[in-house]
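A.B. asks: Input sequences plus hints: build the corresponding full structure.
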Amino acid sequence: MMRMEKTVAGACVCVGAVLLIFAPGMALAQDALSPGDTAWMLTSTALVLFMTIPGLSLFYAGMVRAKNALSVMMQCFVITCVVTLLWVFYLYALAFGDDVNGIIGNLDKAFMAGISKDSIKGVIPETVFSMFQLTFAIITPALVVGAFAERMKFSALLWFMALWVTFVYAPVAHWVWGGGWLGQLGVLDFAGGTVVHINAGVAGLVAALVMGKRNGYPQHPMKPSNLVLTMVGAGMLWVGWFGFNAGSELAADGVAGMAMAVTQFATAAAALTWMFLEWMRYGKPSALGLASGAVAGLVAITPASGYVGPMGAIAIGIAAGLICYFAVVKAKRAFGYDDSLDAFGVHGVGGFVGAILTGVFADSSLGGVGLKEGVSMGGQVMTQLAGAGVTIVYCAAVSFVLLKLIDAAIGLRATAEQEQEGLDLALHDERGYNLT
Amino acid sequence: MMRMEKTVAGACVCVGAVLLIFAPGMALAQDALSPGDTAWMLTSTALVLFMTIPGLSLFYAGMVRAKNALSVMMQCFVITCVVTLLWVFYLYALAFGDDVNGIIGNLDKAFMAGISKDSIKGVIPETVFSMFQLTFAIITPALVVGAFAERMKFSALLWFMALWVTFVYAPVAHWVWGGGWLGQLGVLDFAGGTVVHINAGVAGLVAALVMGKRNGYPQHPMKPSNLVLTMVGAGMLWVGWFGFNAGSELAADGVAGMAMAVTQFATAAAALTWMFLEWMRYGKPSALGLASGAVAGLVAITPASGYVGPMGAIAIGIAAGLICYFAVVKAKRAFGYDDSLDAFGVHGVGGFVGAILTGVFADSSLGGVGLKEGVSMGGQVMTQLAGAGVTIVYCAAVSFVLLKLIDAAIGLRATAEQEQEGLDLALHDERGYNLT
Amino acid sequence: MMRMEKTVAGACVCVGAVLLIFAPGMALAQDALSPGDTAWMLTSTALVLFMTIPGLSLFYAGMVRAKNALSVMMQCFVITCVVTLLWVFYLYALAFGDDVNGIIGNLDKAFMAGISKDSIKGVIPETVFSMFQLTFAIITPALVVGAFAERMKFSALLWFMALWVTFVYAPVAHWVWGGGWLGQLGVLDFAGGTVVHINAGVAGLVAALVMGKRNGYPQHPMKPSNLVLTMVGAGMLWVGWFGFNAGSELAADGVAGMAMAVTQFATAAAALTWMFLEWMRYGKPSALGLASGAVAGLVAITPASGYVGPMGAIAIGIAAGLICYFAVVKAKRAFGYDDSLDAFGVHGVGGFVGAILTGVFADSSLGGVGLKEGVSMGGQVMTQLAGAGVTIVYCAAVSFVLLKLIDAAIGLRATAEQEQEGLDLALHDERGYNLT
Amino acid sequence: MKLVTAIIKPFKLDDVRAALHEVGVNGITVTEVRGFGRQKGHTELYRGAEYNVDFLPKIKLEIAVTTELLELVVEAITRSATTGKIGDGKIFVSSLEQVIRIRTGETGAQAI
Amino acid sequence: MKLVTAIIKPFKLDDVRAALHEVGVNGITVTEVRGFGRQKGHTELYRGAEYNVDFLPKIKLEIAVTTELLELVVEAITRSATTGKIGDGKIFVSSLEQVIRIRTGETGAQAI
Amino acid sequence: MKLVTAIIKPFKLDDVRAALHEVGVNGITVTEVRGFGRQKGHTELYRGAEYNVDFLPKIKLEIAVTTELLELVVEAITRSATTGKIGDGKIFVSSLEQVIRIRTGETGAQAI
Ligand SMILES: Nc1ncnc2c1ncn2[C@@H]1O[C@H](COP(=O)(O)OP(=O)(O)O)[C@@H](O)[C@H]1O
Ligand SMILES: Nc1ncnc2c1ncn2[C@@H]1O[C@H](COP(=O)(O)OP(=O)(O)O)[C@@H](O)[C@H]1O
Ligand SMILES: Nc1ncnc2c1ncn2[C@@H]1O[C@H](COP(=O)(O)OP(=O)(O)O)[C@@H](O)[C@H]1O
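Protein chains in written order, with the numbering used here: chain A, 1 to 436; chain W, 1 to 436; chain S, 1 to 436; chain E, 1 to 112; chain F, 1 to 112; chain G, 1 to 112.
Think of the hints as simulated: they come from the structure by calculation, not from any bench. Computed from a predicted structure; not experimentally measured. Think of the CB as a built atom: it goes at the ideal place given N, C-alpha and C, for glycine as much as any other residue. One should not assume that every hint holds.
Keeping only pairs whose Cα atoms sit at most 30 Å apart, straight-line, the calculated DSSO-like set for lysine-lysine is [as the list claims (entries may be wrong)]:
{"#": "1", "chain 1": "W", "residue 1": "Lys223", "chain 2": "E", "residue 2": "Lys40"}
{"#": "2", "chain 1": "S", "residue 1": "Lys284", "chain 2": "E", "residue 2": "Lys40"}
{"#": "3", "chain 1": "A", "residue 1": "Lys213", "chain 2": "A", "residue 2": "Lys223"}
{"#": "4", "chain 1": "W", "residue 1": "Lys213", "chain 2": "W", "residue 2": "Lys330"}
Cβ-to-Cβ under 7 Å is the rule here; a few derived chain S residues that face chain E [as the list claims (entries may be wrong)]:
{"#": "5", "residue": "Pro221"}
{"#": "6", "residue": "Pro224"}
{"#": "7", "residue": "Leu277"}
{"#": "8", "residue": "Met280"}
{"#": "9", "residue": "Leu288"}
{"#": "10", "residue": "Phe326"}
C.D. replies: The following block contains the structure:
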């Protein structure tokens with residue numbers, strides 16, 4: 001993600017061509033806003049918010065039991081609101097403010113200080129850059145919701161998410177994209193395989209473990225209540241993901257175009273892989289399997305989307321479909337944790353697969369844009385492993401501490417009665433469906 | 001809204017830089033089309049239509065009883081169609097044709113006369129400008145639907161809406177945006193707090209009063225049938241609103257970027273405000289409350305979105321959440337009218353709050369872009385009050401007359417039996433859900 | 001569709017103006033990427049995918065019985081995946097590779113060979129052009145699904161669609177848009193009236209005939225299960241169609257603007273036409289009728305959208321509403337075939353109406369952009385007829401053969417028991433709704 | 001003990017419940033049913049396909065009562081459920097041999 | 001008077017209704033139920049979690065009839081609801097002590 | 001023969017079914033009902049409009065049994081459906097005059 005040094009000559013080729021002839025114009029035009037690139041980034045921002053509300057909230061609402069449908073939607077929605085305000089207050093400053101020792105941003109930009117309509121970042125307004133990044137900071141904790149769906153207290157969720165974006169998301173985003181040490185190390189993460197998906201998946205797994213299983217899991221049936229909506233949500237995620245991946249170029253150019261294309265290719269490959277595995281194993285392919293595979297593919301291509309070519313994308317998609325399938329269908333059952341909607345199985349595992357394979361398929365020998373001068377494929381894979389490993393360990397540790405603290409302070413789980421009644425009624429005095 | 005005088009130098013900075021060097025090019029390039037700004041405006045147009053169908057129609061369909069779900073969706077849909085044709089025939093000409101005495105547009109552009117693919121308005125094709133404006137003329141009457149949902153005759157709705165956009169929407173839009181007297185007076189309404197939301201809210205209130213309550217209101221329970229869909233609709237409204245507000249800049253530039261950002265910030269603040277009020281008052285926060293607050297915030301930031309800064313936006317959001325909450329939860333019950341889905345309580349009240357506070361937070365001392373040379377904050381607030389007041393009085397009076405005329409001619413309400421059976425079956429021979 | 005010869009002077013007017021003054025710059029700027037146009041095409045690509053998933057799949061899922069809702073959604077989804085992979089492998093090469101005798105593209109571009117992030121087509125990256133075209137290749141077979149919904153075997157669907165896009169879609173797309181003989185003949189098809197809609201409708205009709213009626217049709221009631229979702233799908237189709245039609249200009253310019261506008265106008269006219277016909281005939285207007293009319297209008301304006309003016313668009317809309325209404329409500333019953341969701345009645349018939357009327361209303365005497373030098377309206381209509389006729393015959397013949405082959409090999413239909421139980425459970429071991 | 005089964009119009013449920021409460025009934029079991037009788041149904045029309053739906057939504061109440069209360073209960077339902085229009089519904093009375101409260105194991109009139 | 005309760009396969013509803021109409025039954029109350037019996041159910045599978053659902057969707061008909069009509073009614077249902085495959089359902093007959101038409105207050109056979 | 005009708009808490013269904021299976025019951029018909037009794041319901045709140053919902057979701061089981069099995073069946077339900085909290089539900093027993101298996105036309109105890 002994020003080619004900040006993009007010059008006008010690159011961004012605005014046709015004008016650039018003219019500028020090249022008239023060198024005096026150059027200095028003046030430096031740091032000028034490109035309407036075309038801005039148009040795409042405004043659109044991408046809308047697309048990524050669209051992924052969370054309504055996309056992800058539908059995807060999740062359809063998979064829980066009807067009595068909890070509103071609770072997951074409300075969680076996605078409230079995360080959107082809370083992260084937005086914290087972003088204005090200090091999160092943007094922490095993640096993308098001027099770097100302090102590679103660790104964190106300084107707080108000069110807290111409360112959006114100094115950011116006006118005339119502030120430019122690259123060739124787009126800084127407001128647009130900040131908004132685009134905000135949508136990533138929103139979807140990451142929203143993804144985590146899937147892991148502990150149907151049992152978390154709403155108040156505990158608010159505390160956990162507010163603290164988590166502060167102590168986990170912001171630093172990790174800074175390390176990789178904000179000028180921090182992982183980016184300096186050479187970790188490649190175009191649109192958030194590590195920052196978004198590994199991070200969300202690991203936090204989800206830790207939360208699922210700390211909170212324990214839903215009452216009755218897995219003996220009692222907990223069937224998805226509305227897979228029609230889940231399919232809609234999956235479709236919205238797919239479409240919105242174009243903003244996520246192609247938007248991460250921060251420009252409407254050839255890299256964005258290729259990012260969109262490889263996103264499509266990997267997703268299709270992963271969806272079909274999952275579907276055929278299911279078909280072979282159980283004799284029937286399922287809509288939920290197809291959609292789950294698609295999301296796994298979207299996740300895995302995310303870190304790679306600006307770096308790999310079409311065939312690399314398909315390879316990544318197949319790998320993601322295969323590995324996430326086993327994580328969800330086999331590993332979860334084998335280890336016995338209750339990751340309700342497979343936030344870890346799809347996002348954690350898919351993000352990891354993508355992060356590592358980015359190091360492989362970014363290589364020009366495999367159709368990628370090529371690694372940095374002097375870096376071998378093996379070296380890059382090691383760097384990717386380092387980036388993923390650091391994120392896993394850091395995220396797991398801090399998430400664990402935060403959860404334990406909140407549990408001690410106010411309790412994490414709804415009571416057994418509330419869980420039985422359904423969180424919609426028990427915690428929100430509402431029902432999702434009153435159709436008769 | 002609508003910086004019509006935008007020159008190429010402003011719109012297309014990088015090219016402008018070049019043009020400045022080669023003055024001879026200027027005259028030629030004046031009024032030239034900017035692909036980047038056009039791209040954003042095409043997108044914005046799609047986003048605003050997306051707000052109405054499917055967004056608003058989902059938001060509303062989920063809140064009515066299942067037996068009326070299709071009727072509200074159909075009303076939103078048919079309004080889209082009717083307003084579109086009237087727009088071509090004469091509405092665009094009335095609202096945005098050459099100004100006649102500050103009152104109305106002349107009809108030179110009726111039937112889109114003289115508008116070809118080569119017509120330019122500012123830096124975008126005039127077709128795009130006209131389409132973008134059309135989507136505003138569509139959503140405004142569609143919002144009104146919420147006020148009299150579950151009881152209006154379909155034929156009466158058609159007449160009312162056709163007349164209302166002609167005699168209320170078009171003139172008011174002209175006064176504020178089309179070169180009319182309110183705009184000349186200095187009323188600030190970036191994206192439609194007055195033209196769209198006050199207008200819709202007041203028309204809704206008048207309609208609710210003229211038509212009377214739904215049978216059985218408020219004694220019989222009238223629970224929302226499908227809040228899952230309402231949450232989806234709220235999410236779509238939020239995302240589409242980026243086109244509404246940031247699109248109202250008519251360009252992909254820094255003002256658009258800031259408009260998008262403040263839209264996000266105000267909405268988050270308003271949603272949380274409503275949620276916490278509910279939590280304090282009733283002991284539980286609700287998904288519908290959160291979504292209602294979000295819409296209130298979106299409404300209130302609308303007139304202000306091109307003028308205020310981040311902190312001003314948050315202040316506006318909090319005010320909107322607070323005041324709309326009381327309007328919906330308290331005032332409606334106290335006064336006893338039946339604004340079915342709170343078109344007045346959210347859009348009328350929220351629009352008013354936003355219109356007034358635009359006068360406050362546009363001031364540069366509060367982080368805004370600054371008021372016009374020589375205008376004080378108090379003066380601007382008075383101007384805003386004047387704009388809102390004129391709109392309220394005019395809209396209320398004309399809406400009242402139109403409704404009374406239609407009532408006399410063909411009757412406004414469905415019969416009690418039809419209301420009992422549900423409008424879907426009674427008026428449309430259809431059922432929304434046949435799930436078993 | 002597709003003004004491939006678009007020069008920079010046309011695409012990027014403001015820069016062009018400058019370039020005109022400095023002729024030396026021209027050669028250099030030729031084939032340069034325009035961020036503004038690219039931004040719009042990235043967006044359009046997202047919009048067209050949005051039409052299929054979630055749009056079309058919702059539109060269809062709401063119209064089938066609840067027991068088959070997932071099956072149609074899954075079919076749309078899997079088509080998306082399969083066509084994507086085949087596109088990478090060879091479909092893009094077939095349809096848009098260098099022309100061989102006007103018949104088909106050569107396979108030089110198979111496996112996206114030679115396409116990098118730096119490849120440019122017109123003023124946009126070739127990846128973006130290819131992705132945009134891919135979304136058309138996806139939606140066309142997905143539309144066909146409506147014709148045989150609720151009875152086709154999933155495995156047979158996979159085979160049929162894979163073969164159909166290879167042997168029908170790719171050649172026809174090449175003939176019309178890829179430099180093939182129909183385009184050379186002068187057939188006008190801006191966004192796919194012939195390539196997409198006639199093609200899909202005819203394939204659907206043939207499939208419906210070959211497969212036979214659903215068991216119990218028409219004696220047993222087969223009511224739409226969730227028209228609320230169908231209305232949502234219709235709204236999404238409408239919005240997404242802006243990308244379909246205005247995107248087919250491959251640029252963000254005045255033609256795109258006019259294409260968007262006429263799309264809106266024709267759709268509104270068609271929707272109201274259908275609604276009023278129903279109202280006159282049955283005494284009540286229906287939501288499904290309104291939505292069906294809208295889709296018919298969207299279909300019919302598709303081939304014309306870059307060529308006609310506002311009044312021509314309204315005329316086309318009215319014609320489409322009228323003729324498709326009779327095709328769906330009368331003809332289908334009269335002939336007794338079971339086109340489950342009217343893929344033929346709406347897309348086949350609407351596409352035909354649009355294709356022919358494009359020849360009429362493109363004429364400058366009727367407000368269109370004008371026919372080619374020396375071509376009369378009658379002559380153009382004959383050309384349009386030829387294009388449509390060739391497509392109908394070719395598509396019908398090849399579709400028939402493919403279906404018969406698959407039937408012989410593995411059987412096309414689900415068993416009577418599976419149909420009775422519902423395809424969701426019988427073929428996919430899933431249920432769409434578990435709401436209680 | 002008797003089992004009273006009443007089929008009523010859905011929007012009368014609240015009234016009937018109130019009337020039953022007055023005569024001392026504290027337990028009711030309610031089912032959504034579809035009724036077929038003299039009251040005519042409605043037409044649905046989808047793209048020209050017309051369906052005559054002659055089932056109507058009704059509510060079925062089941063109330064276990066002591067024999068003494070029977071008269072009062074029947075009267076309360078009749079009074080509160082009537083609109084005077086066709087389709088108001090029926091009351092069926094049958095005999096109950098035993099009633100058991102699951103929680104306590106109580107039987108007979110005490111269990112009601 | 002008797003209460004005939006029939007559990008049938010959902011898609012047989014129209015046939016049964018027609019058959020009942022022929023023998024002179026004008027009122028029926030229909031409930032959607034789930035049946036558990038010898039007929040086996042289906043499997044649902046979501047991300048590898050397998051659920052064996054042994055309840056099947058069934059339709060329950062309740063018909064109050066005069067004792068004279070009983071035989072005919074039972075015969076009509078048996079004939080029209082049968083497919084010959086397991087799961088065709090059951091008919092239960094019990095005694096009705098009283099029937100009241102709410103609208104008119106009529107009782108007994110007249111109220112049916 | 002007897003008809004046993006049990007109103008139970010929804011989440012107890014699986015347990016009750018298992019208990020019935022043990023005592024030899026192979027056929028059950030299940031209906032989703034709403035129950036009104038001493039157990040209190042819940043509150044719903046939409047934009048300040050408060051609704052007190054005193055109906056609770058319950059499951060109704062209907063089981064035709066031979067008279068011999070009656071005791072066992074009642075006991076099995078009582079045991080497996082109880083939580084000890086208010087709202088556990090009721091069992092109603094009434095007499096069945098006839099049972100017919102539609103598929104075969106068998107009647108009486110054989111048809112159960
Ligand atoms: N013989 C019957 N057996 C069972 N239910 C009946 C019978 N007759 C009527 N019903 C139920 O009573 C409802 C009302 O009956 P209907 O004939 O429409 O009007 P009315 O109650 O005024 O006689 C029906 O919809 C049906 O549910
Ligand atoms: N003893 C019983 N009590 C109540 N309902 C029963 C009983 N036995 C069967 N049923 C109902 O009848 C339906 C059909 O029974 P089943 O044993 O599957 O086949 P058959 O009707 O051919 O004997 C069941 O699904 C259930 O609803
Ligand atoms: N008299 C009655 N007639 C019919 N159903 C009853 C009756 N009393 C209770 N029920 C049913 O039994 C359920 C449980 O009753 P309730 O009074 O809440 O608790 P308990 O079973 O512990 O006595 C109710 O929800 C209702 O469905």
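A.B. asks: It remains to establish, for every hint, whether it holds in the given structure.
C.D. replies: Results for each hint:
Taking the CA atoms of Lys223 of chain W and Lys40 of chain E, the gap is near 27 Å; set against the 30 Å cutoff, the hint holds. The hinted pair formed by Lys284 of chain S and Lys40 of chain E meets the criterion: a straight-line CA distance of about 19 Å does not exceed 30 Å. Between the alpha carbons of Lys213 of chain A and Lys223 of chain A the distance comes to roughly 15 Å, so the proposed pair stays at or under 30 Å and holds. Restraint check for Lys213 of chain W and Lys330 of chain W: the C-alpha separation of about 17 Å stays at or below 30 Å, so the hint holds.
Interface hint status for Pro221 of chain S: upheld, as the beta-carbon distance to the closest one in chain E is roughly 5 Å, under 7 Å. Of the supplied interface hints, the one on Pro224 of chain S holds, with its beta-carbon coming within about 6 Å of a beta-carbon of chain E, less than 7 Å. The beta carbon of Leu277 of chain S comes no nearer than 10 Å to any beta carbon in chain E, farther than 7 Å, and the hint placing it at the interface is violated. Annotation: Met280 of chain S was flagged as interfacial toward chain E, and the flag is violated, the nearest CB pair being 13 Å apart, outside 7 Å.
Annotation: interface hint on Leu288 of chain S holds; nearest CB of chain E at approximately 6 Å, less than 7 Å. The interface hint given for Phe326 of chain S is violated, since its Cβ lies 10 Å from the closest Cβ of chain E, which is over the 7 Å cut-off.
Hints 7, 8 and 10 from the earlier list are contradicted by this structure; the remaining hints agree with it.
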